[in-house]
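Chemist: Spelled out, the chains give:
Protein chains: 2
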Amino acid sequence: MNNFVFQNPTRLIFGKGTIATLATEIPTDKKILMTYGGGSIKANGVYDQVKDALKNHFVVEFAGIEPNPTYETLIKAVDIVKEQKIDFLLAVGGGSVIDGTKFIAAAVAYNGDPWDLLVDQDKIVDALPLASVLTLPATGSEMNGNAVISKKTTHEKLAFGSSKTYPVFSILDPEVTYSLPKRQITNGIVDTFIHVCEQYLTFPSQAMVQDRFAEGILSTLTELGEKIVDDSTNYNQMSNFMYSATIALNGFISMGVPQDWATHSIGHELTALHGLDHAVTLAIVQPSLWRVMRDEKKAKLLQYGERVWNITQGTEEERVDAIINATENFYRSVGMKTKLSEHGIGNESFDTIVGRFTQRGWMLGENRSITPDKIREILNGCL
Amino acid sequence: MNNFVFQNPTRLIFGKGTIATLATEIPTDKKILMTYGGGSIKANGVYDQVKDALKNHFVVEFAGIEPNPTYETLIKAVDIVKEQKIDFLLAVGGGSVIDGTKFIAAAVAYNGDPWDLLVDQDKIVDALPLASVLTLPATGSEMNGNAVISKKTTHEKLAFGSSKTYPVFSILDPEVTYSLPKRQITNGIVDTFIHVCEQYLTFPSQAMVQDRFAEGILSTLTELGEKIVDDSTNYNQMSNFMYSATIALNGFISMGVPQDWATHSIGHELTALHGLDHAVTLAIVQPSLWRVMRDEKKAKLLQYGERVWNITQGTEEERVDAIINATENFYRSVGMKTKLSEHGIGNESFDTIVGRFTQRGWMLGENRSITPDKIREILNGCL
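Protein sequences appear in the order of chains A and B. Each residue of the first sequence is one higher than the one before, starting from 7 at the first, in my numbering. Each residue of the second sequence is one higher than the one before, starting from 7 at the first, in my numbering.
Check the hints yourself; a few may be wrong.
[Stated by the list, open to error] Computed list of lysine-lysine pairs in DSS-like fashion (alpha-carbon distance at most 25 Å, straight line):
| no. | chain 1 | residue 1 | chain 2 | residue 2 |
| --- | --- | --- | --- | --- |
| 1 | B | Lys345 | A | Lys170 |
| 2 | B | Lys170 | A | Lys306 |
| 3 | A | Lys48 | A | Lys22 |
| 4 | A | Lys233 | B | Lys306 |
These are computed hints drawn from the structure, not numbers from a lab. Remember, it's a predicted structure, so these values are computed and weren't measured experimentally.
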């Protein structure tokens, strides 16, 4: 096991009826900016629940944070925070709203162009306190310090992670997920699954408990997947899904283990250049990446195949094939496409993507062995 | 899944050479009381490492915190803290030292007889900051707010848990465990295993991930058990053991699930009245408790048997028998006795123990269905 430091200060408030606790979780002397996206929280009743809980608080609203939240939108909120002397941010929404709100929190405390914080996260030395009411299980943003922000003008999408931008608390009421569109549930299942894989499917690292935890989340998702796509109104099932998504990316499974994240890095480019949903890009990139990197990942693929898919028969190569296929089939079983061509996309952006990684000098993957040439090979496998 | 609130602020610093980080983890303007037990930290070099890291700090020492730390000893430290205006406590040791230091931290901030805090933990409204350097994986005290304290004069042993008494940080260097006596390793394995069971082996509660996590720790311990009893100097094995003990009782596996803790409650009485090691009492009580409560626990026993022991053959009753026997045999395989008679103890304290639970009006177990009569039946099964 590698040396590590773990700390996660977020207070997780989970269960039916917990949005009402906002009334006491935020001191009444705080001036709150309530951030959200489009109109879904008004349609599903979450907006009313939040406003009702905060009826004795001073609340300014900032709506319109988009999926893949943009610098251009968020910078407007930074101005509002400064003008209105806001001192608490409350994100009500999914990962995009929470990520965007983290950026606002850090940007307010930074003197300079806040895009700097995406280029060099060490520049985040302070942030406004923020909290969240989660409406969409997927990104895990509700219990970590990470955010991914896009810049429209340059079609860039970059991430930061900071100890300053953990939510003070996050409220997870599984009932708010009942009205989610199928596409969001499919995305959430795949996003969660691949978050776990990025922290697990690398090489054996003698972290026995962390492996078992990762496998436990993956097994839970394979058990739940089709059921929750078919019916998103079963409380216990949606509880387990919502809990899985949070635990998948709050640091519990990543202590002292190697991590990959190449699927995310490549996927971010496909979102930036083609506008594909984040999870959609992951489901396309990961199977191809595993096929290209199968030798380096073989030992862990075999462990994963045995423990999650009960694949134990055949030669190692046959099992690896079966394991990658089982994973891709799982994504398809929850309604996810796994090829660029299914989205009408060809190889038109590949030169740009490979060029960007070449220019940045990034080597991807747990061994930093995924060169720009390998990235092209992976992209070719996505067609 | 039940509603829950989870928050664990402790900073976990894990790995080789991490004791040196004390130099920067504690501000140099703090006046530290360094607490420890007997001489083992001087024999194994931990004392020297701590003192070296803190050579620029003001440090007062308080030695002699005993296994099953006593009110009578700890109250002396409370006086020292007040006299010397100590404002930071550093526990260097195992669970007893850390538990005792939590009591000191809370007692210093309390006006009145600190034993009150054991009787009514709501009286803990403040505490001095404390941290730990862990030397013995077992109790999980390094990453929770719980403590168990004994009173010599009355042969009582009571527990408290408070959000105020989480360590600010805990340092876990697996190398410090290399010199542990076999008895301590055996105790630590069993203690950790039964901590998990208390939070898991109850009734099915639709907490899929929490179940998988609990089973993951149990499987890890069954894989490691005999190996680390035979050789306590393998870094990876001791890392996994040390990590398991912390994760078993830091709240990760208990979110939204029913809990038992009857084995602990009955075990504490056996320690208080007979001086048996804590883990020794658990290994004696748990198999008997499971046999007496087998009907209420049947569904979860069968799940545990299948996933941890791969016991899937035979009738349900035969499997339950086999599963309880496998568990008891596991304790024996790591060198633990599982009967009172093996310690030369008969039924002489049973009336006292049953009388105490009757007087307190406590009903034990996840269903609060373990009456004083059931406790007597469980104790009879311990002979």
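Chemist: Does the structure break any of the earlier hints, and which numbers would those be?
Modeler: 1, 2
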